[in-house]
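These protein sequence lines are chains S and U, in that order.
When the count follows the numbering used here, it moves up by one through the first sequence with no breaks and lands on 358 for the last residue.
When the count follows the numbering used here, it moves up by one through the second sequence with no breaks and lands on 213 for the last residue.
Be a bit skeptical, because a hint or two may be false.
[As the list claims (entries may be wrong)] Cβ-to-Cβ under 8 Å is the rule here; a few derived chain S residues that face chain U:
#1 L165
#2 E177
#3 L182
#4 R183
#5 L194
#6 A198
#7 T221
#8 A225
#9 E228
#10 V333
#11 H334
#12 E349
#13 L353
These are computed hints drawn from the structure, not numbers from a lab.
Owing to the predicted nature of the structure, the values given are computational and were not obtained by experimental measurement.
The beta carbon of each residue, even a glycine, is placed where N, CA and C say it ideally should be.
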Amino acid sequence: MSGVESLYPFLYSGKSDVEAVLADVCRSTTEKTEEITRLRADVLELYRDQLVACASAMARSFAAGGRLFTFGNGGSSTDAQAIAELFQNPGPAARPLPAAALTTDVAVLSALANDVSFDVVFARPLAANGRVGDIAVGLSTSGGSENVLRGFAEATRRGMLTIGLAGYDGGKMTGADTIEHLFVMPSSSVHRIQEAQTTTYHVLWELTQLALSPT
Amino acid sequence: MMVAVLMGAQVDRAFARRTEPTSALGQDSEAVGRACYDMALRFHRGGRLLCFGNGSAAADAAHIVVEFVHPVIVGKRALPAVSLANDAATMSGIARSGGFEDSFAAQLRLQAAAEDIALGISADGECPNVAGALSVAHDTGLLTVALVGGDGGQIARIAGLDHVLVARSKDPRVVKEVQVTTYHVLWELVHVFFEQPGVLAPRVL
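With the rest of the complex left out, here is chain S (with noise of 0.2 Å):
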């Protein structure tokens, strides 16, 4: 008996069912990365073409002085992070370009959120901040989030070259008409979604900075 065991003998009662639960979950585990497999087959062939097509126009805006703008909640605010920093700090073989995630600053966001409502949290510093030419790009797995919509809306008034990556069916976001390059992960699981949107922004990434590369 090993000395945590003796310790908390109870948490080792079930033995034989902590065995099969781990097998379980190995399957489960498995399948899993067979369906994000999957899941990136599907979002290649549905946007293959629309993936360099927007590729070419973030290089055309950045080329012209443009700045990136990322935006999103929960889970989709650290991939707008993830996102500002790999434009910005890309490692010695790549170009850094101007980036900046609207979902760092707390004292901004709260007191959007406090003073007037949630919903502009995005939009309002996209209206003070967002130039002609400038991108911006934004996150949410549902497609729905208002406060993500209203972020495009302001952008799109703002004359700013906009992207979004939603899954499902794309929700709102696959009717609004303020979205130029609009991805949408075929899943209906927020998991694989945001795994799959993972994929979609580094290879824009990679494509942008092979569009910027002097050839």
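Given chain S's structure and the hints, the job is docking chain U onto it.
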């Protein structure tokens, strides 16, 4: 036009680069499952999850925390989790006074209890502040989980870490994607262990 052709070929290559490392995660499913079980034991004993990483991995630390604190699936219980990478004032303050290498370890020394879980994320395993915090966590008795990539770097060489899950790619972007799937699975499977009667009972919370 020429560039567009190049980019078209690059899209296919980029997507193809994900397939093998993702499949390798499936092959490592037992290691993932055992990490989940140990994490479930710690939560069951009242432990908290403390996450940390640099750059994109700092965003992952925040993402992991929101998974546990605010589950996407209705009915799953909230579990205690905190990111040590969110507070720019604390991070830059410690970096200035104690050096960047101490940025997570200093917070752990103050905040961590022996029953907690330390989860460090690094694409190549070469992050001295993540490695330092995992060492402190190990010495303090925390369960230590590392999500790394490449050859695991200096983090994989730390003696005695409980779970080192290596994403099998050298491309930091691909590593991140495998890690996102890994921590989604970690969250989901911790709950599977919670829901199996007899595996963790009786409750001590």
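Outcome of the hint check:
no.: 1; hint: L165; in the structure: holds, 5 Å
no.: 2; hint: E177; in the structure: holds, 7 Å
no.: 3; hint: L182; in the structure: violated, 11 Å
no.: 4; hint: R183; in the structure: holds, 6 Å
no.: 5; hint: L194; in the structure: holds, 5 Å
no.: 6; hint: A198; in the structure: holds, 6 Å
no.: 7; hint: T221; in the structure: holds, 4 Å
no.: 8; hint: A225; in the structure: holds, 4 Å
no.: 9; hint: E228; in the structure: holds, 5 Å
no.: 10; hint: V333; in the structure: holds, 5 Å
no.: 11; hint: H334; in the structure: holds, 4 Å
no.: 12; hint: E349; in the structure: holds, 5 Å
no.: 13; hint: L353; in the structure: holds, 6 Å
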